[in-house]
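Protein chains in written order, with this note's numbering: chain A, -4 to 458; chain B, 80 to 186.
Heads up, some of the hints might be wrong.
Taking lysine to aspartate or glutamate pairs in the DMTMM-like style, the calculated list, with each CA pair at most 25 Å apart, reads [claimed, not checked]:
{"id": "1", "chain 1": "B", "residue 1": "K138", "chain 2": "A", "residue 2": "E39"}
{"id": "2", "chain 1": "B", "residue 1": "K98", "chain 2": "A", "residue 2": "D369"}
{"id": "3", "chain 1": "B", "residue 1": "K138", "chain 2": "A", "residue 2": "D369"}
{"id": "4", "chain 1": "B", "residue 1": "K98", "chain 2": "A", "residue 2": "E387"}
{"id": "5", "chain 1": "B", "residue 1": "K138", "chain 2": "A", "residue 2": "E374"}
{"id": "6", "chain 1": "B", "residue 1": "K138", "chain 2": "A", "residue 2": "D97"}
{"id": "7", "chain 1": "A", "residue 1": "K425", "chain 2": "A", "residue 2": "E39"}
{"id": "8", "chain 1": "B", "residue 1": "K138", "chain 2": "A", "residue 2": "E295"}
{"id": "9", "chain 1": "B", "residue 1": "K138", "chain 2": "A", "residue 2": "E401"}
{"id": "10", "chain 1": "B", "residue 1": "K138", "chain 2": "A", "residue 2": "D75"}
{"id": "11", "chain 1": "B", "residue 1": "K98", "chain 2": "A", "residue 2": "E381"}
{"id": "12", "chain 1": "B", "residue 1": "K98", "chain 2": "A", "residue 2": "D97"}
A few chain A residues that don't get close to chain B, going by computed Cβ distances all over 10 Å [unchecked claim]:
{"id": "13", "residue": "A14"}
{"id": "14", "residue": "P177"}
{"id": "15", "residue": "D266"}
{"id": "16", "residue": "K425"}
Which stretches of chain B does chain A cover? Using the computed rule of at least three CB atoms under 8 Å from a CB of chain A, they are [stated by the list, open to error]:
{"id": "17", "segment": "139 to 150"}
{"id": "18", "segment": "160 to 173"}
Derived from the structure by calculation, the hints contain no laboratory data.
Model, not experiment: these values are computed from the prediction.
Virtual Cβ for every residue (Gly too), placed ideally from N, Cα, C.
Below, each chain spelled out in residue letters.
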Amino acid sequence: MTLENSEPGTARAPGPAVADTLSADSRGVPPPLREQRYEFLGDEDIPCSRYTSQAFADLETERLWGRCWQWACREEHLQDVGDNYVYNIGPYSVIVVRSAPDKIQAFINSCTHRGTRILGGEGAGYTPQLTCPFHGWSWNVAGELEALPARWDFPHVGAGTHNLQAVKCETWGGFVFINLDPDARPLAQYLDVLPEHFSHFPLERRRVRLHVQKVLPANWKASQEAFMEAYHNFETHNAPNGANTQYDIFGKFVSRFIHNIGNYSVESLQDYPGDKWRNPPLTENELLQMLSVFGLDHEEVPPGETARSVAAEDLRRCIGEALGIDLSEVSDSLMLDSIEYHLFPNMFFFPGITVPMVYRFRPNGDDVDSSLFDFLILEPLPEGAEHPEPPEPIYLDVEQSYTEAEGLEWLGPVYDEDTGNLALQQQGFKTSRKRGITLGNYQESRIRRVHMTLDEFMAENSE
Amino acid sequence: MSDENYCRVASLAELPQGKSMSVEIGEREILLCHTSEGVFAVDNLCTHGAARLCEGKLKGQRILCPLHGAAFDVRDGAALSRPAVRPLASHRVSVEGDDISVLLVDE
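So that you can see chain B by itself, here it is in the shape it has in the complex (with noise of 0.2 Å):
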């Protein structure tokens, strides 16, 4: 990895195409989701109600909240419904070979 601030959390064998998983980077619980469009990076804590969002489901490109059933577009973090309406904070993902790396935006 070129960049040094970039951590590599799983392999891509870990994770195919529709799942999700979480992973921590220091204290902080990442969400990673592979879609049709590709691995994006989002966090796991829900912004209504703070349940991990990878207990719940991932469906096309929106995770789903298992508590309310709030949708986050995984790509961006959007809220798409409510009770969310506070976006995810959306990570930068490298994927090379087999190595699925976050660079955390916010940090």
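Isolated chain A (complex conformation) (with noise of 0.2 Å):
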């Protein structure tokens, strides 16, 4: 089994990789799509005990949630002024609001008088003023003190004094970020390449069609690390196209995969188990028939073209027609591929069209072993719509299944497939005697980088 390891990282699957795809595509690939990037990070172990020692995840309560951006809600969710969101990241709770048609601000959600949560739970609201329901402590939706019963026994509340602690909060995409640090830096030098790959596909031109969250039975980490790598296609997916995947790493905050979808190569399972797809392979009629759950209008690859062309066709049509978009430009790989970025720590864009999630972890309060699973499906808008206002999230609990979902359809058994190996991971970490997780040099190095970014911020004096 052993292998020459003289230049780790440097080798790849056999067969097209999706350079070769994208050359192939029939219409213009966007350019951020050509890139590619990726250095060799290493080959250690990472400890299992970062999924599991509570004394790991408090500290991540403190040095990295505390400090981090993250994306609290859309902006769609705050159309009106008076609109609030409110945002639970462990212990911590924010208070997303307008407070002018042309502006958003954050505020912790605690009252200043006696510390007590002033909006209860998580999610979309509505007050034109946010009153502490103990002692009725009212501020105006831009933080201001504006009403004090018994205003006589403080003389000592100045003006100013006891105003809503205010939160980072800016913007980007259509979704509003929070960072809890007061000294964090600005999000655009957070965000390394995202906001000019996606001028490419503005997802602030999209809206939320459905929202589903789930509790995983899986520290947060492990959770989102079922999601970076398309190495489990074979086993947890019973599907032939994953070993192709191509793996990019922008700097410390920004990854992607890109994975496409309705070709294949034989060459890359020649060490998988068994004849399954080799002998014979897949033909184009048959790599069609598993693009069918997408609901295409071909059961048969017309001579000479291939399962890719004419799903991608029919997809242009079915999917432009059912949004009112013209998509008769958008490349192969937009229409079908499976195209992930992920924003440290915890956050997932897609810029596909029939493939449009957003995915956020997040530690399920404070109970290390679990997590929760933000599941959103971002679907373009036509040219001069307004966003609609966002469905409730659907809310799955940790014994439930993604099929129990209305709306995710072919997809439910796919993230049952995803989050179905979790339990016995986190399990598996507590019993296991190596102490360490093994990572691919290539297919798993993003997860290596969100490792390598995390310790950053678990240095007492990082940032």
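Assembly of the complex is requested from the two constituent chains, each provided in isolation within its own frame, with the hints serving as guidance.
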């Protein structure tokens, strides 16, 4: 089993690479998808204790969640002055509010009198002013204290001393980001290539069509890492086309994979068990059949075409008509592929049309062994159309199936497969004698990048 | 209206989907809410602070109190979030043509 290892990170699966598939695209491919950026980041094991230790999780609360940029909600949650959104992360709670037609602000969700959370729960709400339910102290939506019952008893409360505590708040791509660190660097310095790349796929011109939030039975990092590589496709999804996926590391905070859909290479499976999909290989018609869940017009691939070209063309018409958008010049790649950008520490953005998701993974309160997974479908909006009010989230508990979420359709069983290994993995961390997980140099490099950046945050004087 | 206890309170034209409005039946204030699932009627006064819910906001199937942001499910009046813990009284609604009529359940 031993391989020569003088140039670690340079090996790739045999067969055509993503760049080859993009070169054969029937349309122009947006330049960011042509970029390739990978560097070998090391091959040391990652300690299992990072996923299981309460002490590590407590330190993450203080040094990671208390200091990193994270999206709290979409701008479309805050359409009118007074619309608010409560976002909770570990023990922290933040109120994001539209305080003026062109201004969004964020505040610590805690009364400046005796500390009570002003708004309970999480999610979208509305109040023309913010009033503490305990003694009735009240602030305007700009966070200024306006009403203080029995004012005579508080001569020590001065002008401006008891306003709500401001939290840094910026927007990008239609998302509202917050950062609990008053000294945080601007969001723009944190987004790496995202603004440039997503100028080709503007997420602010998308609407939330579906939001599913589920409890997952693993640490937040293990949960998100189940979505950072396509190496698991063969075993977890019984799918032939993960091995040729392209992985890019754009910097400390941003990474990406591009996973082609609708094709695969027989050679890439040469050392996978059995003859499946190798002998005999899949025909183009069989590949098209695998894509039928998208709702295609064609059942067979016409002579001279490929499953990929036929599926992309059917989806241009079908999705274009459904959304009222002209997709005729959109590349096969954007139409079909699973293109996944990750923003440290816990956010995923997909620029694709058929695969248009956003993910967010968080600790589930202070439980080191479970996490919250927010899954959104972001649908492109026709030109000039206004954002409708986002749908309420569908909540799934840890033992529920994604097939119970109305609107997920064919994705339900896929996400059950993606999350089906997590309880076993979280349990396995604790019984392993090996003390660490081992990562592939290329296919799992994005996971290592996250841990390296996490280490920088965990160092006491980072940033 | 076949049942004389139903009281016509508004026209559907006044209450597009996504909107709420208060009406009076006798001296009682009732909140009508037109959601994606139909027209619903609940008491207009929040069970926590007695604020008028018609001055709050309808989001999906929830009405949000303007004072503390408490949420109630307009379909059955259930209190969904603090500081409200007691449900709103929920009333029967009949929509025939353009007429919205309400039958108070507890009178």
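Hint by hint, here is what the structure shows:
Distance check on the hinted pair: K138 of chain B and E39 of chain A sit about 50 Å apart at the alpha-carbon level, beyond 25 Å; violated. A distance of roughly 28 Å separates the Cα atoms of K98 of chain B and D369 of chain A; the hinted pair therefore is violated under the 25 Å criterion. Between the alpha carbons of K138 of chain B and D369 of chain A the distance comes to roughly 20 Å, so the proposed pair stays at or under 25 Å and holds. Between K98 of chain B and E387 of chain A, the direct Cα distance comes to roughly 17 Å. Compliance with the 25 Å bound is thereby established for this hinted pair.
Of the pairs offered as hints, the one joining K138 of chain B and E374 of chain A holds, with about 20 Å between alpha carbons and a cut-off of 25 Å not exceeded. At most 25 Å may separate the alpha-carbon atoms for a hinted pair to count; K138 of chain B and D97 of chain A meet this at roughly 21 Å. Our distance criterion of 25 Å between C-alpha atoms is met by K425 of chain A and E39 of chain A, whose separation comes to about 19 Å. With a CA separation close to 45 Å, the supplied pair K138 of chain B and E295 of chain A exceeds the 25 Å bound.
Taking the CA atoms of K138 of chain B and E401 of chain A, the gap is near 19 Å; set against the 25 Å cutoff, the hint holds. Taken as a hint, the K138 of chain B and D75 of chain A pair is honoured in the structure, with Cα atoms around 12 Å apart against an allowance of 25 Å. Among the hinted pairs, K98 of chain B with E381 of chain A is consistent with the structure: their alpha-carbon atoms are about 18 Å apart, no more than 25 Å. With a C-alpha separation of about 24 Å, the suggested pairing of K98 of chain B with D97 of chain A holds against the 25 Å cut-off.
Every CB of chain B is more than 10 Å from the CB of A14 of chain A (nearest about 45 Å), matching its label as outside the interface. For P177 of chain A, the non-interface assignment is confirmed: its Cβ lies about 26 Å from the closest Cβ of chain B, beyond the 10 Å cut-off. With a least beta-carbon separation of about 51 Å from chain B, D266 of chain A lies farther than 10 Å from that chain, consistent with its non-interface assignment. The claim that K425 of chain A is not at the interface with chain B holds, since no C-beta of that chain comes within 10 Å of its own (minimum 36 Å).
Taking a C-beta to C-beta cut-off of 8 Å, the segment 139 to 150 of chain B contributes 10 residues in contact with chain A, enough for the three needed, and the coverage statement holds. With 3 residues bearing a CB less than 8 Å from a CB of chain A, the segment 160 to 173 of chain B meets the requirement of three and the coverage assertion stands.
Taken one by one, the earlier hints fail for this structure at numbers 1, 2, 8, listed in ascending order.
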